[in-house]
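Student: Let chain R serve as the given structure and place chain Y on it in line with the hints.
Going line by line, the protein sequences match chains R and Y. Be aware that the first sequence starts at 116, since it is given in the working numbering, and climbs by one per residue. Be aware that the second sequence starts at 2, since it is given in the working numbering, and climbs by one per residue.
Hints are all accurate, no fakes.
Just the calculated beta-carbon pair ranges, DEER-fashion:
1. R:224 - Y:69: 32 to 38 Å
2. Y:72 - R:231: 39 to 45 Å
3. Y:113 - R:156: 22 to 28 Å
4. R:156 - Y:60: 23 to 29 Å
5. Y:52 - R:156: 29 to 35 Å
6. Y:30 - R:231: 39 to 45 Å
7. R:131 - Y:72: 44 to 50 Å
8. Y:29 - R:169: 23 to 29 Å
9. Y:6 - R:128: 33 to 39 Å
10. Y:69 - R:231: 45 to 51 Å
11. R:128 - Y:105: 25 to 31 Å
12. R:170 - Y:30: 23 to 29 Å
No more than 30 Å apart at the CA atoms, straight line, and that leaves these computed lysine-lysine pairs for DSS-like:
13. Y:59 - R:156
14. Y:23 - Y:59
15. R:179 - Y:43
16. Y:43 - R:135
17. Y:69 - Y:23
18. Y:58 - R:156
19. R:156 - Y:72
20. R:181 - R:170
21. R:129 - R:179
22. Y:23 - Y:43
23. Y:23 - R:156
24. Y:59 - Y:43
25. Y:58 - Y:43
26. R:181 - Y:43
27. R:156 - Y:43
28. Y:38 - R:156
29. Y:38 - Y:69
30. R:170 - Y:43
31. R:181 - R:129
32. R:156 - R:129
33. Y:38 - R:135
34. Y:43 - R:129
A few chain Y residues facing chain R, derived, Cβ under 8 Å:
35. 42
36. 44
37. 45
38. 47
39. 90
40. 98
What the hints contain is simulated information worked out from the structure, not anything from laboratory work. Note that the structure is a prediction, hence the values are computed from the model and not measured. We treat Cβ as the ideally placed atom computed from N, Cα and C, and that holds for glycine.
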Amino acid sequence: GAVVSQHPSWVICKSGTSVKIECRSLDFQATTMFWYRQFPKQSLMLMATSNEGSKATYEQGVEKDKFLINHASLTLSTLTVTSAHPEDSSFYICSASGGTGWGGYTFGSGTRLTVV
Amino acid sequence: GENVEQHPSTLSVQEGDSAVIKCTYSDSASNYFPWYKQELGKRPQLIIDIRSNVGEKKDQRIAVTLNKTAKHFSLHITETQPEDSAVYFCAASRGGNEKLTFGTGTRLTIIP
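Here chain R stands alone, though its shape is the one from the complex:
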């Protein structure tokens, strides 16, 4: 079945630094990638939607200059958290759409970001 590989699975960084999270679709072309953020004991909140080769569409309240999304190919999308602060600490997870026959959404394994 469709697989999305997400790395790193966890990362600790200092305030003010940037962190890049990668999601790769291993056996299908992900025409659309969705990036979610999940705080403890809360739901998955959509941050942005990206389509290969075009600029990402951000949800209301999400700073596009802080959360940089690149979807340069059909198999790779990246989320860069710039100038990270402790309040950015969260679980970030990607989800790809675009598998053969549209089998739904395929989720990455998530990245636990801790900013100290």
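Tutor: Here is chain Y on its own, set in the frame of chain R:
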């Protein structure tokens, strides 16, 4: 945009009993309704989904019903087992490459 409400937020049932979780959605164009089970720190795991051309779907102990007119859908788990304890999320989408909107989640606890 789409708004998905989910109830209850917590649910405790005796092992062997049934559990029901309900969701409502606002976008009448939504036509894909998946249910996910999420363990702590893990990705959501699809347990069942339904598309708007059917009203009910069943997979062993799990079933989902959809009422498009009322814009609500429900998850039914029968003969619950301790391993069913987890957080469950409903979601809705227009399908294709459209975004998926999640409900607020239900923490299900199965009491042995």
